[in-house]
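A.B. asks: Below are the chains, spelled out letter by letter.
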Amino acid sequence: MALMRYAEALRLAMAEEMERDPSVFICGEEVGQYQGTFRVTEGLMQRFGRDRVVDTPISEIGIAGMATGAAMAGLRPIAEFMTWSFALSAMDQIVNHAAKITYMSGGRIQCPVVFRGPAGTGNQLSAQHSQSLEAWFMHVPGLKVAMPATAADAKGLLKYAIRDPNPVIFMEHAGLYSQRGEVPEDPDFVIPFGQAAIVREGTDVTLVAYSHMVSTCLKAAVSLHDMGISAEVIDLRTLTPLDMDTVLASVAKTHRAVVTQEEWLNVGAAAEIAARIGEMGFDDLDAPVLRVGGADVPMPYAKKLESAAIPNEQDVIAAALRVTD
Amino acid sequence: MFEIRMPKMGDGMTEGTLRRWLKQVGDAVKVEEPIAEIQTDKADVEMPAEDAGYIVQIVAAEGETVAVGAVIAYLGATADEKPVASAAAQPAARAAAPAGTARATAPTASAPTAQAAGGRVKSSPLARKKAGELGVDISAVTGTGGGVGRVVARDVEAAAAARTAAPVAAPSAPARQPSRAGELPPGRDESLSRMRKAIARRTTESKQTIPHFYLVMPIDMDAALDLLVSLNAQWQGEKITVNDLVIKACVMALVRHPGVNCAVVDDDTVRFFDSINVGIAVGTDDGLRIPILLDLGRKTLREISQAARAMAGKTRNGELTPQDMSSGTFTVSNLGMFGIEEFSAIISPPQSAILAVGAAAPEVTVGADGAFVARRRMRVTLSCDHRTVDGVLGARFLQEIKGMLESPLNLLA
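If you read the protein sequences in the order shown, they are chains A and B.
All the letters of the first sequence, read from the start, carry residue numbers 1 to 325 under the numbering used here.
All the letters of the second sequence, read from the start, carry residue numbers 1001 to 1413 under the numbering used here.
Hints in this document: simulated from the structure, not taken from any laboratory.
A quick note: this is a predicted structure, and the numbers were derived from the prediction, not measured.
Where is the CB? At the ideal position from N, CA and C, for every residue including glycine.
Any given hint could be a false lead.
[As the list claims (entries may be wrong)] Within a straight-line C-alpha distance of at most 30 Å, the following computed DSS-like cross-link-like pairs (lysine-lysine) qualify: (1) B:K1008 <-> B:K1207; (2) A:K253 <-> B:K1129; (3) A:K253 <-> B:K1207; (4) B:K1207 <-> B:K1197; (5) B:K1207 <-> B:K1129; (6) B:K1008 <-> B:K1129.
[What the hints assert, rightly or not] Cβ-to-Cβ under 7 Å is the rule here; a few derived chain A residues that face chain B: (7) D92; (8) E279; (9) L285; (10) D286; (11) Y301.
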């Protein structure tokens, strides 16, 4: 175990996989010479050379198309988007090509590409750079979606993503890059997809979270504990595949659920998870399943308005109090 | 302005049907004047006014079944006084109307409540599951959840706990049977009267919850029947019956064996009654009625006979009140007048026993000297609740009755 930042854990994961497998390479804007906008790829070009850490022109569709083609040809590309907001111009490559080629080739062509980069809200990055778009990718069959909440998960999930033969949407959170955590140094440490973690045990209400909302829910759980409510916090880790077994087992124990996300509430990941709890855990529910999410507005730049639009600890506490009333 | 509410007219009455209004809106009403006819499980009763005034609004329509305590009308000081639409006076306790009965349109309370329109109870899925497991009637549970009075799991658990803490002697009504309309041969369907439904409910409850066993005792009635002839010759204008003798014998046996004059209160308790109140099962065209002869412990044969005759008259004339049919501690059912030799009866809950009396008919028996001899014999069958009455107690009780009737001068003591 070593104490390191979330960004360092991501870097370690990529370095270990590049050491292990020569077909793994990185491409993206400013990933090499500049060493990454968020320093995630710091030192990697120096260590692995220009052929394996490739600086690209400013063209997301070009990055995504090149990475998809390279994956089809047998390499294992890690394509970095400077932020996931920029990936929108690459949607055709991701949704129509990377996600579908294995199916359309009858399984003869695989596409083991990882698209990664910072997602999430905050830091006064305003409407075009501060948004959470995971539901767009969850919606598409053929894509896997991972959103780590801790440094250890960042390493374990990214290593699994690189080894996975399918295209993976790997959404990091800019607000977590500098968070420190204990990370296993074992180069064989991976976290398989579809295994949620119970990060705090409780008996009265299940708080379902992923990415940055995990820490928000943990803070809310501490406050709820002081109010006499025992909250269980689940970190989903991956949204596709979705570990409903862990969620349903928890709801069977607590009988109440609050599903949280940074995304806009309308048609978000929480809507899907809440619907599945209703479908599969109906008889266990003692209260409606509530969602906590962002305000349905383009993200404001003004600090106070931005704070009002991003779900926080108080929103989670209010929802938990409502379902335990 | 007075609220007129559905009165409680006897033990166990939870709802009543408004058969007929005897007063209409605008009519003046005097104290004690009958204003409506109410039908309960047991009888039709006129409801007297408790206050004087004018009927200003009728809430319960004729034919409507409402819960005890629900407002059925408003009485004003003057004929044109306007009824006050207070939320507390809404007929919220209204029970389900019988099928096919038109219901008066009633305003509904707007306060947040689990009882939505149509009587649907807001409840969580878990609460419903738990209610099924614990046998709790969710419509009778007060909801506290979600700020809207939703019945949640804790409410069901509290209701189940309260039920355990204060058990009720009468078990809950059996679950409603699914309709067999489709399986049966064609015929004319007729809805059951309230009395028939009450008989169905009580007999089913009795057979399903009371462990019955039966003891048959033959009784030589020659001496008793001879006594009857001489008594009736002596007491002009009165007619002592075989049944009167049997009741008197039962009363004396109950005095000797108070263990038969009891009821199960709950799993841990049995109540031995202070008084001996004997019900007499009387078949009428409408169904079975069991008027009760109260406090017979110290009454003479003649007094018992007079009380029985009075009750029989009330029964024939349809004048029985719910009070007349409450508080029984033992029952006698006699089908001897129809030539029935013997039968076994269903215990009337919560009582512990019922005596079924057959006909006294001549039979060839073996006399004291070994010769065949014709004697008038009667068979009685005691149905016992084995939770309170064991075989030996039941047998001794019957021996007592047999002894009294075979040496009938005892009955005049």
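A.B. asks: Take the hints in turn and mark each one as holding or not.
C.D. replies: Comparing the hints with the structure gives:
{"no.": "1", "hint": "B:K1008 <-> B:K1207", "in the structure": "27 Å, holds"}
{"no.": "2", "hint": "A:K253 <-> B:K1129", "in the structure": "14 Å, holds"}
{"no.": "3", "hint": "A:K253 <-> B:K1207", "in the structure": "41 Å, violated"}
{"no.": "4", "hint": "B:K1207 <-> B:K1197", "in the structure": "15 Å, holds"}
{"no.": "5", "hint": "B:K1207 <-> B:K1129", "in the structure": "29 Å, holds"}
{"no.": "6", "hint": "B:K1008 <-> B:K1129", "in the structure": "34 Å, violated"}
{"no.": "7", "hint": "D92", "in the structure": "43 Å, violated"}
{"no.": "8", "hint": "E279", "in the structure": "12 Å, violated"}
{"no.": "9", "hint": "L285", "in the structure": "5 Å, holds"}
{"no.": "10", "hint": "D286", "in the structure": "4 Å, holds"}
{"no.": "11", "hint": "Y301", "in the structure": "36 Å, violated"}
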